[in-house]
Amino acid sequence: MSTLEHEEPETETETETEPEFDQEGAVGAARALEESYGEERARRVDEDLEDADEIVELKVFRYDPEVAGKEEPRFDSFLVPFHKGMTVLDALIYARDYYDSSLTFRHSCQQAVCGSDALFVNGRQRLGCKTQLADLEDPVRIEPLPHQEVVKDLVVDMEHFYEQMHAVEPFFDPDDLPEGELEEQRQSPENREKVKLSTRCIWCGACMSSCNIAAGDNQYLGPAAINKAYRFAMDEREGEDRKQERLRIIEQEHGVWRCQTQFSCTEVCPKDIPLTEHIQELKRESVKNNLKFW
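Offset between the sequence shown (1-based) and the working numbering: plus 1.
Watch out, some of these pointers could steer you wrong.
What the hints assert, rightly or not - Taking lysine to aspartate or glutamate pairs in the EDC-like style, the calculated list, with each CA pair at most 16 Å apart, reads:
#1 K131 to D273
#2 K197 to E282
#3 K85 to D52
#4 K60 to D101
#5 K197 to E138
#6 K85 to D136
#7 K60 to D91
#8 K131 to D91
#9 K244 to D174
#10 K195 to E246
#11 K60 to E138
#12 K284 to E254
#13 K60 to E144
#14 K244 to D176
#15 K153 to D77
#16 K284 to E246
#17 K289 to E246
Simulated from the structure, these hints should not be mistaken for lab results.
Can you make the complete structure from the sequences, with help from the hints?
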């Protein structure tokens, strides 16, 4: 018997080839899109300025050490259409979105809680999101916080400030915890009232920037850190040993005794914390703590 072999018919298979990437075309399309977007932004700004009842000029500090031609500090001017309730931060966001997307500044919550947008506006430390343009003289001059290293434009290096804040060990440390698993750590209304204002600190650094002592003494704890120490040292729930340790930290050479009661920190604090008063009270507490009667 013969065996029949089944042969599959030969078929030609087509191989798919990826189209070559047209680099010149992609670059051209990107440039066209950028130009179109730039034209749209320019048209929008023209319309906004034409319709605005009032126009505010911003003079913004610019500096970028990583870009050729921008290493030298300068000021750029931006014309911003003003509307009622507009803040300095609103104006900066408008300038960034419609004039220059490289304009750099910090902001987050826009509700005076995060502390990230502290700036030097018309010669004074202020929160950008809290400061009304209507309260400022035109032109509005916006600079980074003084006495801080500038990273880029309005952004400063906050590392040293954070180190000073952590130096006072800003955490609660009681001697005894409540017996019940879900029981709260109780505090009298009077004591809560005493430390209430000190708890408002949002770590913005405005007070430290305004302090002439901090500008000349890099090791000075500064008003924000000392206020944080006050918040815990004056809390009746704080452990006695921890309070003594905290007082030793703030009464060192670069602690409370470096303060010269210039009140600049109190004047610029966006949360209205009586910083100078808290520093003076810690001075008194330190003296009482070291008094000995034989």
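Enumerated hints in conflict with the structure, sorted upward: 5, 10
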